[in-house]
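Okay, here's what each chain looks like letter by letter:
2 protein chains.
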Amino acid sequence: MTTRTVFFISDGTGITAETFGNAILAQFDMTSRHVRLPFIDTIDKAHQAVRQINHTAEVENRKPLVFTTIVNVEVLQFFEQHCNGMLLDMFGTFVRPLEVELGIKSHHRVGRFSDISKSQAYNDRIAAINFSLEHDDGQSDRDLQQSDVILVGVSRSGKTPTSLYLAMQYGLKASNYPLIPEDFDRNHLPPALVPHRAKLFGLTINPERLSEIRNERRPNSRYASLENCRMEVAAAESMMRRSGIRWLSTTTKSIEEIATTILQEVRPERLTY
Amino acid sequence: MTTRTVFFISDGTGITAETFGNAILAQFDMTSRHVRLPFIDTIDKAHQAVRQINHTAEVENRKPLVFTTIVNVEVLQFFEQHCNGMLLDMFGTFVRPLEVELGIKSHHRVGRFSDISKSQAYNDRIAAINFSLEHDDGQSDRDLQQSDVILVGVSRSGKTPTSLYLAMQYGLKASNYPLIPEDFDRNHLPPALVPHRAKLFGLTINPERLSEIRNERRPNSRYASLENCRMEVAAAESMMRRSGIRWLSTTTKSIEEIATTILQEVRPERLTY
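Residue numbers (full-length UniProt numbering), protein chains in the order written: chain Y, 1 to 273; chain D, 1 to 273.
Bear in mind the hints are in silico, worked out from the structure with no lab data behind them.
Some chain D residues well away from chain Y (every beta-carbon gap over 12 Å; in silico): (1) Asn54; (2) Glu58; (3) Glu80; (4) Gln146; (5) Ile180; (6) Ser225; (7) Ile245.
Okay, derived cross-link-like pairs now, DSSO-like style, lysine-lysine, Cα gap no bigger than 27 Å in a straight line: (8) Lys45/Y / Lys63/Y; (9) Lys45/Y / Lys199/D; (10) Lys105/Y / Lys63/D; (11) Lys45/D / Lys63/D; (12) Lys105/D / Lys63/Y; (13) Lys199/Y / Lys45/D.
Computed spacing ranges between beta-carbons, pair by pair: (14) Gln264/D / Arg186/Y: 49 to 55 Å; (15) Thr31/D / Met231/Y: 48 to 54 Å; (16) Ala234/D / Ser140/Y: 36 to 42 Å; (17) Arg197/Y / Ala121/D: 35 to 41 Å; (18) Thr31/D / Glu74/Y: 25 to 31 Å; (19) Arg96/D / Glu80/Y: 18 to 24 Å; (20) Gly103/D / Pro219/Y: 47 to 53 Å; (21) Arg218/D / Asn84/Y: 55 to 61 Å; (22) Thr31/D / Pro219/Y: 50 to 56 Å; (23) Met231/Y / Ala121/D: 28 to 34 Å; (24) Leu226/Y / Ala121/D: 25 to 31 Å; (25) Arg96/D / Val100/Y: 19 to 25 Å; (26) Asn123/Y / Pro181/D: 24 to 30 Å.
The C-beta atom is built at its ideal place from N, Cα and C for all residues, glycine as well.
Same shape as in the complex, but just chain Y (with noise of 0.2 Å):
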């Protein structure tokens, strides 16, 4: 198989350049050496960074890839000039364009996170992300009420990272509802959750693999048991059919999967589609 030395290369964190770099990669059969340079704001750090491509390209004897999220003009051409691998630069090829297509110029800042501290977009995010650690399992109705999203399942179907994920990536409060055995016994949906339906979303999981996860933490315990799994799925599976509430089964989604999905389903007020 084909194998290749990646570069990453940006004057801010590079996390950026990385998800275009990957994104690109997974479109290939290859397998790769990774290599992070952040923060390459200035001639004297590119200078240091071409010479680090330019010794892999000799001595592997071909050209390294190189993913870029560079915005100094001075410094994008500096790589042009000299670095000896394939370029693949995201800001040059997109903003130019996009310039003319606008009729203004770019400003060539460095980081959309430069004195985050002052954002309101981040503050939001850091709020939801305590939100959703100090409301995991959090079941007041103060909680449920100031969520943006209530993700409800049996213990171990995916809720709490991915109820993470949505506060990260989007800013979004989500708060978990765990099903537990005597919501079974009711067979109907807890009243705490009545007044929330809209922005209930459920997570379901193969009992098989809930199985394999629970062991994991309680080796041989009854709650981990195949067949407690099988009796809670399906009667999670049957409660959250009767009520009409949204759900997806987790077993082969990553969160950014089932994240997404849910964002689609319950369109959150806060967000603007």
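Chain D: place on chain Y using the hints.
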């Protein structure tokens, strides 16, 4: 100020399209209305999306910006042929030149997340999230031993969101070790931390900002008072300086910037740089 409607279109979750588009848009002083259209993976869905874009173009009498990460060739061609927006297409732009450079064809598979549950990297990420959640302010030596990174700092200096971000983005097991008044009285590094010096990273914060944050949670408490915050921050910084712990101030930094800096400094073994 210029304003545009911006579409993010993908045959997957659209998270990459959004990261990509937002990074580009951050280079322009403009306001924008965002429309996310994930999971556009058939010609039928593309048809609906194009209708929505073209309708917007007509109503607003200017081209919407359309950021796409579409893998499926037919779907992408449908957009290229029928969409009246300005198409900014990440995959088409970079994947084709890469095919030439690598001498292999891309496989045009949607989503780097499909059947993710079997991926070791993904399971490591979920395990790291759970670890960080369960070891927030956890202090047993076993926890510290298993950690890839240990964040130290006074209460509310930013440890928790940072450790969650490290887990979610990089699959790192990050635990938090809050510095409390008893640690300052003792005036040297808490003994539990001494064996793990290489994994330690300190977070500090401007006392005025800390007092603001603490006041939101416990108004008018001694804990939140500016005097106490000044004392704690000074004591923590002096302890970190004396113990040779690397640290940074989180006051004006985003969790992305904090996390990236920590990675650069600590270079945990589990990450291949």
